[in-house]
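Protein chains in written order, with this note's numbering: chain A, 2 to 355; chain B, 2 to 355.
Hints are all accurate, no fakes.
For identical chains, the list gives no copy identity; a pair is met inside one copy or between any two copies.
Cross-link-like lysine to aspartate or glutamate pairs, in silico, EDC-like; alpha carbons within 20 Å at most:
#1 K99 <-> E10
#2 K321 <-> E16
#3 K68 <-> E22
#4 K320 <-> E344
#5 K99 <-> E16
#6 K282 <-> D304
#7 K320 <-> E60
#8 K5 <-> E205
It is worth saying that the hints were derived from the structure and are not from the lab.
There are 2 protein chains.
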Amino acid sequence: MNIKTLIMEEVLNQEAYSAPEIPCRIKLDANESSYDIPPSLKSRIIESIEKISLNRYPEPGSPDLRKGFAGLYGVDDDMLIVGNGSDELIQILLMAVKGQASGVMFPTPTFAMYKISAFNTGHRVIEVPLDSRFDLDVDSMLEIIADKSPELVFFSYPNNPTGNCFDADRIEAILKESSGIVVVDEAYANFSGKTFLPYLDRYENLVILKSLSKVGLAAMRIGILIGSLPLVHELNKVRLPYNLNTLSQIAARLYIDNEAEFRRQADGVAGRREELSNELKKIDGIYPYASDSNFILFGCTFDTDSIYDGLLKKGILIKKFNTPGVLENCIRVTVGTPEENEEFLGALRDILTS
Amino acid sequence: MNIKTLIMEEVLNQEAYSAPEIPCRIKLDANESSYDIPPSLKSRIIESIEKISLNRYPEPGSPDLRKGFAGLYGVDDDMLIVGNGSDELIQILLMAVKGQASGVMFPTPTFAMYKISAFNTGHRVIEVPLDSRFDLDVDSMLEIIADKSPELVFFSYPNNPTGNCFDADRIEAILKESSGIVVVDEAYANFSGKTFLPYLDRYENLVILKSLSKVGLAAMRIGILIGSLPLVHELNKVRLPYNLNTLSQIAARLYIDNEAEFRRQADGVAGRREELSNELKKIDGIYPYASDSNFILFGCTFDTDSIYDGLLKKGILIKKFNTPGVLENCIRVTVGTPEENEEFLGALRDILTS
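Model the full assembly from the supplied sequences, consistent with the hints where possible.
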């Protein structure tokens, strides 16, 4: 029997998302927080684990967490779903909306999972290249909306891997004109200070995604979706009942109860980002783009492969991009600890002058 | 704007899976293990948590776990996917196979998620009632296979909520004739001693699901899928890259390293199941069905609502079924600790004689 005849064509035609584990000493490739959570908070997680019964199913739907996050974000808790990372919430959105009919639109380059999950759920994909300043080509997007009415539009705000926030007026123009759902993915919003939360009152088709993966809890896979009541009601039918395990629920609770502490840490990252950017600007042939995130994208006049290899030889892992016409000769580096940033800069200077 | 116009009809037409938290003292409704894992094993989880960095993403694809489970089940590790509970693996299967074309078949009554997730992924559903002995109506199923070639067939082995294992020859007849994938969900196989693992060599269309939720780790959401290499290759494209959080990976590792201890505990449950069944048989008007699982389904000549309410008043939670033509006047009780079973039996006798 040929198993492939049973598989959706969109799945057959794509590659699996690849995230190989590359051994390194300084990990600046995945936009994680460079600091583990403080020992005092970790102890609280451990105390909670000692008390809970691992033989019991997690509480379905995470009602306490929804209340907690609703308080943080100033929304009704029925507007909120907690997921096994934003990845799961993106997939839920794509599963719930009709397939094929009119397509899923997003700018490019952006977060890879929009496209991968759109294909895996049988959607047609409409990619619209960013303009030369890495902002939205709003005219093209509005034309596509008028012409094809995409059922879902994804924006990463700030955008990964470019690092910038798109112009808010451009996103609002699309929110206004779109007859589909517009997702503003704020995975990196803790470093930008910008959010579309205030727009929720005005636009029933707005969905906001949040994540705890960039602020110190990547290991726990916690994402949050916020949207209008009727939409969230439908999405909850698609969400698997026990999607968030008990220990991730405990970690999410910890975040809610200590949000100020996590926020201070994120503010520190934003400060170090500016220092790192200023240092990068001083290096000949390195051109950092403005960033609202916890990472910096920079173009180089040097061969990125040899920079990548040179850094890895010194134990430093970054991410390189070399897609013709999209991102050429670019490197993305996560903002690390002061020591990590120093070592990264030193190694980079060494490689470029040797 | 009317959000509902954007949502798949199959999603609109269904109810969300409901699993309300009902406060109780003795929880015998969800087929969990009645014992938490031993303190010595819990300490090892805690030691591991102390060592890991919560700020780092989990290892994608869980390669070490795949190797470990592959060793336990005697298969190649590339035949294996670890999931966020079997629920996720069922969803991945349903996402990967073509929609609508020919339908998804399963017997009824069975585990609710086959139907819910089939609808959520846009499939047509073909339900075939079990025969009067809760076994497969193999003739009807073979006719449907000849006629409609369902792309996926699901069997729960042992079946939930009836508790029995279907006749293996009937499942094999379907494996032989089916041009689609046949899933044998062995979530409860630790209590039956029966498995389709040896059939994997013979049938490329066989998929086996395993779960750690019934043996003491329900909180952690760990499921395992085993299938042929070409199928697993495609399914991995649909699996979200970071589907299993780091702490669940740690718990799964603990299970692998201490499988014998978990197995002893499961054997204890199987023994207590027989004792509980024998005691139930002695009660007038109570008719327990033979079970290969960690729960017992029984029919009663009494009103199940008043039994349910009476037990709950005493702090004991069980599950009742009253679907005309499918399961009428039935109750499902999880095998508890010796003390829990004793208390449940005493309370049941009290209610029936008062």
